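K.L.:
Please arrange chain B on chain A, whose structure you already have, making use of the hints.
Residue numbers (this note's numbering), protein chains in the order written: chain A, 9 to 643; chain B, 129 to 445.
Hints are computed from structural coordinates only; laboratory data are not their basis. Errors might be hidden in some of the hints.
[To be verified] Below, a list of computed lysine to any residue pairs in the SDA-like style, where the Cα atoms sit at most 25 Å apart:
no. : chain 1 : residue 1 : chain 2 : residue 2
1   : A       : Lys249    : B       : Leu440
2   : A       : Lys48     : B       : Leu440
3   : A       : Lys48     : B       : Ala444
4   : B       : Lys269    : A       : Ala488
5   : A       : Lys632    : A       : Lys609
6   : A       : Lys403    : B       : Asp426
7   : A       : Lys48     : B       : Phe443
8   : A       : Lys199    : B       : Phe443
9   : A       : Lys214    : B       : Glu154
10  : A       : Lys403    : B       : Ala151
11  : A       : Lys521    : A       : Lys403
12  : B       : Lys269    : A       : Leu479
13  : A       : Lys433    : B       : Met179
14  : B       : Lys325    : B       : Met179
15  : A       : Lys486    : B       : Ala151
16  : A       : Lys433    : B       : Asn429
17  : A       : Lys403    : B       : Leu425
18  : B       : Lys270    : A       : Ser480
19  : B       : Lys376    : B       : Gln354
20  : B       : Lys269    : A       : Asp490
21  : B       : Lys325    : B       : Phe379
22  : A       : Lys403    : B       : Glu430
23  : A       : Lys486    : B       : Cys158
Every value quoted in this text rests on a predicted model; they were computed, and no experiment measured them.
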Amino acid sequence: MATPKGTETANVVDGGFKQPVQIDEHIIEIVSDSGEGAQKCGQTFGSISGKMGNGVWTVEIIPAEIQPPARSPAGASGIRIRLGNRYVTNMGDEADLVVAFNEQVLYSRIANGAYKKGTVVLLENKWATDPQEEIRKAYAAAVGEFRENGLIVEELPLEEECLKLTSNPRRGKNMFALGMISRIYSRDVQKCLAEISQTFTRKGEKVIQANQDLFNAGYAFAEAQVEYHYQVPPYTTDMSKPTIITNGNQAVGLGVMAAGMELVSMYPITPATSASHYIAEVFQNVGGFVHQAEDEIAAIGFAIGASYAGKTACTITSGPGMALKTEMIGLAVMAEIPLVIVDVQRGGPATGLPTKVEQADLLTSLYGAPGDAPKVVIAAATIGECLHFVILARKLAEAFRTPVILLTDANLATGVQPYARPEIKEEWFTAPVDQSPWDERVPPYDWDEETGLSPRPIPGQRNGEYVLTGLSHTGRSKVAYDSDTNQVTHGMRSRKLAALLKTLNPPKVNGDKEGDLLVVGWGSTMGAIEEAIDNLRAEGQRVSSLHLRFLSPLEPGLKEIFSGFKQVMTVEINYSDNLDDPLIDEESRRYAQLATVLRAKTLVDVDCWSVVYGHPLQPGMIYKVLSKRLQKQNN
Amino acid sequence: MFGLKADWSLEVFERYFTLGDYAGGEARWCPGCGDLGVLNTVHRVLRDAQMLPERSVVVSGIGCSSRLPHYVGTYGFHGLHGRALPVANGVKARRPDLDVWVGTGDGDCFSIGAGPWIHSVRYNMDMVVLIFDNGVYGLTKKQTSPTTPTGASTNTHPAGALLPPLNPLTVTLGITNVSFVAQVPDWNPPLLYETIKAAHQHNGTGFVRILQRCPVFSPDFCKPLQDNPERMLLLTHDNGISMDPGVKRLFPEHREHDPANWVGAMELARDDTRLPIGLLYHDPDAPVYDDLSTRGLDTTNEQKLAALNAALDRFAV
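Chain A with its partners taken away, still in its complex shape (with noise of 0.2 Å):
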């Protein structure tokens, strides 16, 4: 066998039983076609993983269709867990296990590069007698090609087995994969059948039972079949202090919840959706609703009316849907009406990769709407953050009453991490809806000429009638047309941005403040860049990364951070045109986003690399770019 990461002995005889070999980390990958239950597998793994104390990242392979043709490179359906002794930030480079339950849609991840030479494949051996010869055919042409490219392929009979205990293979051979890698990875048996059972909960208990014979099933085979076993010491600093595990767009929901938030107003889009299913199962609990509106612009119209009323609402939404809500941000923007709107970005233009990851919404949210309409913009960075900047977006919404749009991605939004458990304190909802009297010589718009701020009436506060409105208008809210008041009150909506940024600290560089290169990220590509930042710092190369959370207004101090570097770039997961491209140069080069924004802000003359190829930036990518980058400039 090859020599798994971590590790150059193989598995040791000790006293006739097999000890498991110590790593430090593995990455691995259950592979299928779509409905086959891979997904619920890794999450599963992923969950006791974590509540064993291993440093965790699960992501899925999600194909864009709902029901591919089976055994297709382009179904491939699956899930990637990165399991390590320390904290996991992202997905990493290369799989060292793989379980397939067919051989073609691992093509589809070769061609991604997700394996390397070593990577382990246990593959389904069903198809190497299936009754057509072009099955058979292709799937003997496969493992040859997978083993001459360097794939160790075991060929196991995983449907076989699970025939032993059920008559639709399709429906249980994952609980069968999850009790294999379960014996490979030395999971506690007892925390894996407890986390079944409590996936399954609402199905009742015989289908419980039977999930967990199934997963029983497969441990014992691994046991008895599989020589790879393993041993991933847990994540080593203090395991006491309470943990949660959850994805991205679960911990939105949370964070809704944790916001105090009684509303969810959306329209179903790829990939936020699964947001407002996780708070529509638990919304109700804390008092909350979810309305399903009849489109995107009417559920931010909905959402808007209700924190027009007291009530500040959130929306959930992914691209497309931002185009949508375009007019609307405006409004609220124009007549400051505080708003929560979380943009799960995936792939565009137009429908672009509904289910991929891209970070390609950013100067849509800065700029998207017509006019000057300036807005606060931030973006998580962790799983965590998704949770945690709901509440903050909640409340700068209401302290600086405008709409605030919080980016998160594709890869937080299905990624799945452990992360500290909030405390939820009661002062992190939202107060009461003030319906005391109005002091009427207050109008509605009563701007603090430093800061832009002004407190609001809700309809309900006697003496506070006034009529919002889209148009030019007044501090009292009436329309006005005039030079004056159009140019006044744009300031006074602008200033509330720079008395933001005054409250706001300078971001943290990861590394030294001083070096060759820095390199600047935003958003979910957080754990991909510091690690190879830290790869490379092992080096000894001179180089640092600044990541931020505030793209509007802008973190403060930029400037000054970038001068201690030789040179700043930005590493994003959006388009930006290549310098060697066909008549690509200085003039021609459109930058990625954030490069754009940081180029104009602060006149450093900083540089990109981003690709757009629909999945997470991988550590070892950026290593190998920045490597190349440092040594051109060493040079």
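P.N.:
Just chain B, lined up with the frame of chain A:
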């Protein structure tokens, strides 16, 4: 007694509201515009119901009709073109104590706002929806609207509107969960008053299509009806809009119509030769979305904390 201290020892005043309490800014519609009559009627309905001015919210979209909130002294929301209804629904969603009105027009509701129109009728939230239908885009100066009569000359169709006009009544009646559909001309104040009052009293979406005069851009939309009242059919019934004999005398054509009769309403609505006036359809028991959207309003912070911790427990490591 109104305005007097009810109890000299306690500083308790009953509040009594006059028309002036519901007045907003000075209306800037054209002379002869039907909107002025609607505005006065809204003031009167609010006054007669003694609604607390701070608890009523008038929501509108864009267009002449949508200036309505500016002229009502309650809270108002003058939003985006075609989007009054989603905003109004949102206002009501978690604030059942608010009295919600929507002012919209034929362009705002039946054209750019057609999606929200359909779905809001289905939500059936408790609000009054007044459609100021003058068969033309007035604010933007005479473009064809969905209800512009075929052949009527507009700036977008100088040779005459191409399509047969959309029938808002059949569309609205065809929507699942429709609960209140009335049609009324703006030039009959008593009937307008009783119709809007009935819509206001209705628990659900009170949809009132107002045939509204625009003397500037679409005089031919209402003029034929004013000149030939026999082209309208007054719907009478004990469960319909109450009207005195004086009102009835102005309409030569009457028909007894039970507003519970949906099939009858649809037949009346389909007849373009005689426009039905009055209450076409009323289902006081249609479910209202407010009953669902307001669930959990009484949840205490303690309950929220407990529920949140239970939610976190599910993800606990």
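K.L.:
Compare the distance between the alpha carbons of A:Lys48 and B:Ala444 with 25 Å, and conclude whether the hinted pair is satisfied.
P.N.:
Since the Cα atoms of A:Lys48 and B:Ala444 sit roughly 18 Å apart, the hinted pair holds (cutoff 25 Å).
K.L.:
Could you grab the alpha-carbon distance between A:Lys521 and A:Lys403 and see if it respects the 25 Å cut-off?
P.N.:
Given that 25 Å is the threshold and the Cα spacing comes to 32 Å, the pair is violated.
K.L.:
Would the hint linking A:Lys632 and A:Lys609 be met if the CA-CA limit is 25 Å?
P.N.:
Not satisfied, since the Cα-Cα distance of roughly 29 Å exceeds 25 Å.
K.L.:
For B:Lys376 and B:Gln354, compute the direct alpha-carbon distance and say whether it is at most 25 Å.
P.N.:
15 Å, holds
K.L.:
Are the Cα positions of A:Lys486 and B:Ala151 separated by 25 Å at most?
P.N.:
15 Å, holds
K.L.:
Are A:Lys214 and B:Glu154 close enough, with their CA atoms no more than 25 Å apart?
P.N.:
71 Å, violated
K.L.:
CA of B:Lys269 to CA of A:Leu479, is that 25 Å or under?
P.N.:
The given pair, whose Cα atoms are some 19 Å apart, holds under the 25 Å limit.
K.L.:
If you draw a straight line from the CA of A:Lys403 to the CA of B:Glu430, is it 25 Å or shorter?
P.N.:
Holds, because 20 Å separates the two Cα atoms, which is no more than 25 Å.
K.L.:
Please work out if A:Lys403 and B:Leu425 have their alpha carbons no farther apart than 25 Å.
P.N.:
20 Å, holds
K.L.:
Would the hint linking A:Lys48 and B:Phe443 be met if the CA-CA limit is 25 Å?
P.N.:
Distance of about 15 Å is within 25 Å: holds.
K.L.:
Is the hinted pair A:Lys249 and B:Leu440 satisfied, with a Cα-Cα distance of at most 25 Å?
P.N.:
14 Å, holds
K.L.:
Keeping to a limit of 25 Å between CA atoms, is the pair of A:Lys486 and B:Cys158 held or broken?
P.N.:
Measuring from Cα to Cα gives roughly 20 Å; hence the hint holds.
Consistency note: the structure conflicts with the earlier hints numbered 5, 9, 10, 11 and 13.
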